[in-house]
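Student: Spelled out, the chains give:
Protein chains: 2
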Amino acid sequence: MNAQIVSIGNEVVAGVIADTNAAYLAARMEDLGATVVAHRAVRDLENEVMAALTAACDSAEVVLVTGGLGPTLDDLTREAAAKLAGVELVEDERAAEMLRSFFAARNRVPHPVNLKQAAIPQDATCLPNREGTAAGFAMEYQGAKLFFMPGVPREMKAMFEDEVVPRLRERLTGGGNFRRTLLVIGMGESDLGAKLGDLMQRGRNPEVGTMVHGGIIAVRIIGRDKDARAAQEKVEADVRRIREILGHSIISEDESPLPFVVAKLLEENARTIALAESCTGGLICAMITDVPGISRFFLEGVVAYSNDAKVEILGVPEAILEKHGSVSAEAAKAMARGIRNRAGADIGLSVTGIAGPGGGTPQKPVGMVCFALADDRGVIAREERFGGSRTDIRDRAAKYALNLVRLRLLGVV
Amino acid sequence: MNAQIVSIGNEVVAGVIADTNAAYLAARMEDLGATVVAHRAVRDLENEVMAALTAACDSAEVVLVTGGLGPTLDDLTREAAAKLAGVELVEDERAAEMLRSFFAARNRVPHPVNLKQAAIPQDATCLPNREGTAAGFAMEYQGAKLFFMPGVPREMKAMFEDEVVPRLRERLTGGGNFRRTLLVIGMGESDLGAKLGDLMQRGRNPEVGTMVHGGIIAVRIIGRDKDARAAQEKVEADVRRIREILGHSIISEDESPLPFVVAKLLEENARTIALAESCTGGLICAMITDVPGISRFFLEGVVAYSNDAKVEILGVPEAILEKHGSVSAEAAKAMARGIRNRAGADIGLSVTGIAGPGGGTPQKPVGMVCFALADDRGVIAREERFGGSRTDIRDRAAKYALNLVRLRLLGVV
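Residue numbers (this note's numbering), protein chains in the order written: chain P, 517 to 929; chain U, 517 to 929.
This is chain P alone, in the form it adopts within the complex (with noise of 0.2 angstroms):
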């Protein structure tokens, strides 16, 4: 099945946003075993949308749309689609319902504009929007199957696997691709590549590639045959040998954030936590917290980012704040063990460190930070060194953070 993806939108043809869809659906695609032939962008305007649609039609069975589904004047996509099927815009029941009741449940009234979002070419299908108010569509046009989707992503991307994949699974003749991610922590890219080694040899089946995004490399394997299942052999066989290799430098092998990998220890372990933070300034609360039901485990956070918070709020005793100064291992021990008293948490977390761009020295330059967990096995901590903008050093100080909680469940630190 050749497939070709259109974006449609103004705002991605100038580069004000890059096409992160395009990407998600052509990777999506692979793994569900269709080849995509071709990308494009075009800018909302209806004689250049149609002009697009009609070309993507020409060399592909699928084509997948995204954009221009939204309530206001610019958004032309449903016009296009429904010229181009020479019929009329209708709206659809179902949508409209699904409107209303988006609108209902933020006690709001949909304006008479929003209504627009739920109309669509007659004939065509409705794609329900779990997400959002635009209203997606599949149509037929000169035997191509098309299939529009809104340009929020969230949207897209659940419309997408919602209501896309099950109508294009019954077209896919089983085989194809099979696909697993670990995602790794505490290396660099090279350094993993140079592990990896044979694995990632170019023309290799299945096909191993790397790609790292805030400290945290994901590593991807690929296989490919006219059979599934030996397709997801190749693919296990492969897993097993990186685990071998990495260890316990594998996070999760299905995916899950690092966040919810904590979370779940904790559970399985019926921990409790608490967090001392000031460099990273509510980051690691805020990364654990995202998790739901982790009300049970997390207790409290304290963002000491004044001395006279980590003092008057986690004890920590003035004399080591004095001696060894705030960012330093023994401030940090005693903000860990400060905070595990004060929330009687059976863990004590910490951070405190130089986030910069200013406040560095020669002695403790910028990136540098502190880190101490405490439990009823100790104190332990820990000082690294940790590159690039303000933003990267605490994206990194606290996943370097939530690794050591990681690490201390599973005893190996």
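In short, the hints are calculated from the structure, not lab data.
Among these hints, one or two may not hold up.
What the hints assert, rightly or not - Simulated restraints on C-beta separations: (1) U:673 with P:828: 44 to 52 angstroms; (2) P:682 with U:713: 55 to 63 angstroms; (3) P:860 with U:838: 39 to 47 angstroms; (4) P:728 with U:681: 28 to 36 angstroms; (5) U:757 with P:574: 41 to 49 angstroms; (6) P:894 with U:876: 39 to 47 angstroms; (7) U:673 with P:563: 30 to 38 angstroms; (8) U:703 with P:720: 46 to 54 angstroms; (9) U:574 with P:602: 19 to 27 angstroms; (10) U:673 with P:574: 46 to 54 angstroms; (11) U:809 with P:574: 54 to 62 angstroms.
Using N, Cα and C, we set each Cβ at its ideal position, and we do this for glycine too.
Put chain U on the given structure of chain P with help from the hints.
Tutor: For chain U alone, coordinates are given in the frame of chain P:
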């Protein structure tokens, strides 16, 4: 000047990587006063590359091409370009010399296959690559000017800025586009569209478009005119009208994110702040501490997930939690007063709510969030409902809270 962008490479088309090159080039071309009319991405297949280049030349005076200039067999952009022009590939002396120096500087000798990267179509102009080994080139085809650059973003950017931009400037006749972006909070995209009305009319110049991301709407005004000054004046006139219509809903006129706007207001008003967060779980602290130098204004934050923490650290009376519950305006007020007193801050801000997915009741459904702000003028409280996922509810609540501080510092509430 109309421009098209063509990206060549299996990785882009199959979604292994997102096409950030296209976004970079499009944004730079628009800045330079050109109009980007479309992007396309095609695979490393000679006939598909030739077809894409031909189609792009049909509707653009300038075509920017990236990718397919590597040393391996699957890179065939230069072969496709030569075939299109009906000429042979010839080794460019300067490019070959640069390539040899590149390897020499790394104590390596180029493999014969590398010299392929110094070949360009006969009569094309070589575009030297100071960041890598692939030479770029410029050529004309059917009246359009084509620029071929490597796919590696660092190499592409250097070549574009050093080699392509100077060659385009001759053709750009002064004039061009002028762009402003206003960030707006506190309304839906459709409400905003209704308020802006005819400003968003299709085909109008300036073009006014909206894009929503994380509850914040970017209103983009792009004016086009042969005279650069006239373009700017058109845009500024629109900005004045939008300012009258939207008033304090405009967070910033220079794309400053909300936390930076709040930090600036704290500085201008010489006020300190302390935060008490429940459902947002540290997110507001994390957002505000992302601003460099914030430690002068942000004193501390408490993530009081448990009632114990609310009572012990913030001094919230147990009677309030028992009578009204921890998600109530009364609890929010006590938290705001409590953190203000504890920290000795000018402003105490609190958030307590139900982020879900569990924990909702008919009276207090998921998405209900209470806010309070305590300062020397008293205590104000707000109750809001937010929709979406747990992540969305937390994000919107954090921004609502920061906006409450902004409005208070502006004297609006």
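Student: What are the numbers of the hints the structure violates, in ascending order?
Tutor: Those not satisfied are hints 2, 3, 10.
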